[in-house]
Amino acid sequence: MDSHNQAHLLRKIQELSFVAVDLNLYLDTHPGDRRALEMYNNVHRDFLQAVRKYEKMYGPLVNFGYSPAMQDYWTWVESPWPWEIKY
Amino acid sequence: MWLYEKKLQVPVRVTAPDPRMAKYVITQYGGPEGELSAALRYLNMRYTMPTGKAKGVLTDIGTEELAHMELVATLVYKLLEGASMEAIKAADLGSHYADHDRALYWENAAGVPWVAAYVSATGDPVADLHENLAAEQKARAVYENLIHLTDDPQVKDVLRFLREREVVHFQRFGETLMDVQDHMKRKKVF
Numbered sequence: 001m002d003s004h005n006q007a008h009l010l011r012k013i014q015e016l017s018f019v020a021v022d023l024n025l026y027l028d029t030h031p032g033d034r035r036a037l038e039m040y041n042n043v044h045r046d047f048l049q050a051v052r053k054y055e056k057m058y059g060p061l062v063n064f065g066y067s068p069a070m071q072d073y074w075t076w077v078e079s080p081w082p083w084e085i086k087y
Numbered sequence: 001m002w003l004y005e006k007k008l009q010v011p012v013r014v015t016a017p018d019p020r021m022a023k024y025v026i027t028q029y030g031g032p033e034g035e036l037s038a039a040l041r042y043l044n045m046r047y048t049m050p051t052g053k054a055k056g057v058l059t060d061i062g063t064e065e066l067a068h069m070e071l072v073a074t075l076v077y078k079l080l081e082g083a084s085m086e087a088i089k090a091a092d093l094g095s096h097y098a099d100h101d102r103a104l105y106w107e108n109a110a111g112v113p114w115v116a117a118y119v120s121a122t123g124d125p126v127a128d129l130h131e132n133l134a135a136e137q138k139a140r141a142v143y144e145n146l147i148h149l150t151d152d153p154q155v156k157d158v159l160r161f162l163r164e165r166e167v168v169h170f171q172r173f174g175e176t177l178m179d180v181q182d183h184m185k186r187k188k189v190f
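Quick note, the sequences are listed as chains P and C, same order. Mapping the first sequence onto the working numbering, position 66 (from 1) lands on 66, and the numbers just tick up by one. Mapping the second sequence onto the working numbering, position 79 (from 1) lands on 79, and the numbers just tick up by one.
Fair warning: there could be bad hints in the mix.
Claimed, not checked - In silico SDA-like cross-links for lysine to any residue, where the CA-CA straight-line distance does not exceed 20 Å:
{"no.": "1", "chain 1": "C", "residue 1": "Lys6", "chain 2": "P", "residue 2": "Phe47"}
{"no.": "2", "chain 1": "C", "residue 1": "Lys6", "chain 2": "P", "residue 2": "Met57"}
{"no.": "3", "chain 1": "C", "residue 1": "Lys6", "chain 2": "P", "residue 2": "His30"}
{"no.": "4", "chain 1": "C", "residue 1": "Lys53", "chain 2": "P", "residue 2": "Tyr40"}
{"no.": "5", "chain 1": "P", "residue 1": "Lys86", "chain 2": "C", "residue 2": "Ala16"}
{"no.": "6", "chain 1": "C", "residue 1": "Lys156", "chain 2": "P", "residue 2": "Tyr40"}
As the list claims (entries may be wrong) - Between beta-carbon pairs, the in silico distance windows are:
{"no.": "7", "chain 1": "C", "residue 1": "Thr63", "chain 2": "P", "residue 2": "Lys12", "range": "15 to 25 Å"}
{"no.": "8", "chain 1": "C", "residue 1": "Thr63", "chain 2": "P", "residue 2": "Ala36", "range": "18 to 28 Å"}
{"no.": "9", "chain 1": "P", "residue 1": "Lys12", "chain 2": "C", "residue 2": "Asp92", "range": "32 to 42 Å"}
{"no.": "10", "chain 1": "P", "residue 1": "Arg45", "chain 2": "C", "residue 2": "Ala141", "range": "31 to 41 Å"}
{"no.": "11", "chain 1": "P", "residue 1": "Glu15", "chain 2": "C", "residue 2": "Leu3", "range": "29 to 39 Å"}
{"no.": "12", "chain 1": "P", "residue 1": "Lys12", "chain 2": "C", "residue 2": "His148", "range": "29 to 39 Å"}
{"no.": "13", "chain 1": "C", "residue 1": "Thr51", "chain 2": "P", "residue 2": "Leu48", "range": "29 to 39 Å"}
{"no.": "14", "chain 1": "C", "residue 1": "Leu133", "chain 2": "P", "residue 2": "Met70", "range": "10 to 20 Å"}
{"no.": "15", "chain 1": "P", "residue 1": "Glu15", "chain 2": "C", "residue 2": "Glu86", "range": "14 to 24 Å"}
{"no.": "16", "chain 1": "P", "residue 1": "Arg45", "chain 2": "C", "residue 2": "Trp106", "range": "16 to 26 Å"}
{"no.": "17", "chain 1": "P", "residue 1": "Phe18", "chain 2": "C", "residue 2": "Ile147", "range": "14 to 24 Å"}
Think of the hints as simulated: they come from the structure by calculation, not from any bench. Even glycine gets a Cβ: it sits at the ideal position worked out from N, Cα and C.
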C-alpha cells in the first residue's frame with residue numbers, strides 16, 4: 001500500500017491548510033489588512049492545487065458536494081481514516 | 001453548516017502505546033478545559049454577538065477547536081492502540097474499559113463525564129469574551145501539565161502544537177474584546 005506517499009502529500013496539504021487557517025483567524029480581527037488578504041489568496045491557490053493532486057490518487061478530502069468523485073467507487077468510505085494514518 | 005476535511009490538522013505520532021498517558025490526555029477531549037468545552041462554548045456564543053468580527057472569530061475558532069478535539073481523540077486512540085488488558089488495568093483504566101471498552105468518551109482524567117456547566121454564555125459580550133480569554137489560558141496550562149506528564153517526544157510535539165494554538169486564540173479574543181468594547185462605546189453616542 002502506498003501509505004508513505006499518502007502521508008507525505010497530506011503533510012504538504014496540512015502545512016498549507018494551517019497557514020490558511022491562521023491567516024483566516026487574523027483576517028477575522030483585521031479584515032482591512034491588504035497584505036494578509038494577498039497572502040491568503042496565494043495560500044488558497046497552492047492549497048487547492050495540493051488538494052486536487054491528492055484527491056486524484058486517494059479520493060476526496062471533503063464531501064457534501066465540494067469535491068468530485070473521481071474514482072468509479074465512492075472512495076470517501078475507504079480506509080485509512082485520519083486517526084489511522086501512520087506518519 | 002459544517003464541512004469535514006478527511007485529514008488531521010497536524011500529524012499525530014506516538015513512540016509506543018501508553019495507556020496511563022491516554023488516561024491523562026483524555027481530559028482535553030471531555031474535561032473542563034478540553035476541546036469539546038472550547039468548541040461548544042465558542043460556537044454557542046456566536047449567535048448573539050453584536051459584531052461581524054466577533055461572529056467570525058467565534059465561528060472560526062470554534063471550528064478549529066473541533067479539529068483539535070479530533071487531534072486529542074487520535075492521540076488517545078494511538079496511545080491505547082495495541083495495549084494489553086494488563087497494561088490497561090495497570091494504568092487504572094479498568095473503569096473506563098468496563099463502561100466503554102476501548103471507545104473514546106467525553107470525560108476528564110479522573111473519568112468524570114463532561115457537563116454543560118463547563119461552558120457559560122451570559123449573553124453579555126464583554127463578560128463572555130473574558131470567559132473565552134480565561135478558557136484559552138486554562139487550556140494552555142493544562143497542555144503544559146500534560147507535557148510534563150510524558151517523556152515521549154512525539155506526544156510532546158502534538159501537545160506543544162495544541163498549546164501554541166491556545167496562545168494564538170487568546171490573542172484573537174483579546175482583539176475581539178477591544179473591538180466589541182469600541183462598538184459598544186460608539187453605540188452610546190447619539
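Hints, one by one, checked against the model:
Under the criterion of a C-alpha separation no larger than 20 Å, the hint pairing C/Lys6 with P/Phe47 is consistent with the structure, at around 15 Å. Annotation: proposed proximity of C/Lys6 to P/Met57 holds, straight-line Cα distance about 14 Å (limit 20 Å). For the given pair, C/Lys6 sits about 29 Å from P/His30 by alpha-carbon distance, which is inconsistent with the 20 Å threshold. Between C/Lys53 and P/Tyr40 the alpha-carbon distance is near 17 Å, which keeps this suggested pair within the 20 Å criterion.
About 13 Å separates the Cα atoms of P/Lys86 and C/Ala16, which keeps this hinted pair within 20 Å; it holds. For the given pair, C/Lys156 sits about 30 Å from P/Tyr40 by alpha-carbon distance, which is inconsistent with the 20 Å threshold. Judged by the Cβ atoms, the range 15 to 25 Å given for C/Thr63 and P/Lys12 holds: they are separated by roughly 22 Å. With their beta carbons about 19 Å apart, C/Thr63 and P/Ala36 fall inside the hinted range of 18 to 28 Å.
At roughly 40 Å, the beta carbons of P/Lys12 and C/Asp92 sit within the given window of 32 to 42 Å. Under the hint 31 to 41 Å, the C-beta atoms of P/Arg45 and C/Ala141, about 38 Å apart, fit the expected range. One distance hint, 29 to 39 Å for the beta-carbon pair P/Glu15 and C/Leu3, is violated here, with the actual separation near 20 Å. The hinted range of 29 to 39 Å is satisfied by P/Lys12 and C/His148, whose Cβ atoms lie roughly 32 Å apart.
Judged by the Cβ atoms, the range 29 to 39 Å given for C/Thr51 and P/Leu48 holds: they are separated by roughly 30 Å. Checked against the hint of 10 to 20 Å, the C-beta distance between C/Leu133 and P/Met70 comes to roughly 44 Å, which is inconsistent with it. Here the CB-CB span from P/Glu15 to C/Glu86 is close to 40 Å, at odds with the stated 14 to 24 Å. Take P/Arg45 and C/Trp106: their Cβ atoms lie about 38 Å apart, and the range 16 to 26 Å is violated.
About 20 Å separates the C-beta atoms of P/Phe18 and C/Ile147, a value consistent with the hinted range of 14 to 24 Å.
Violation of the numbered hints given earlier is confined to hints 3, 6, 11, 14, 15 and 16; the remaining hints are satisfied by the structure.
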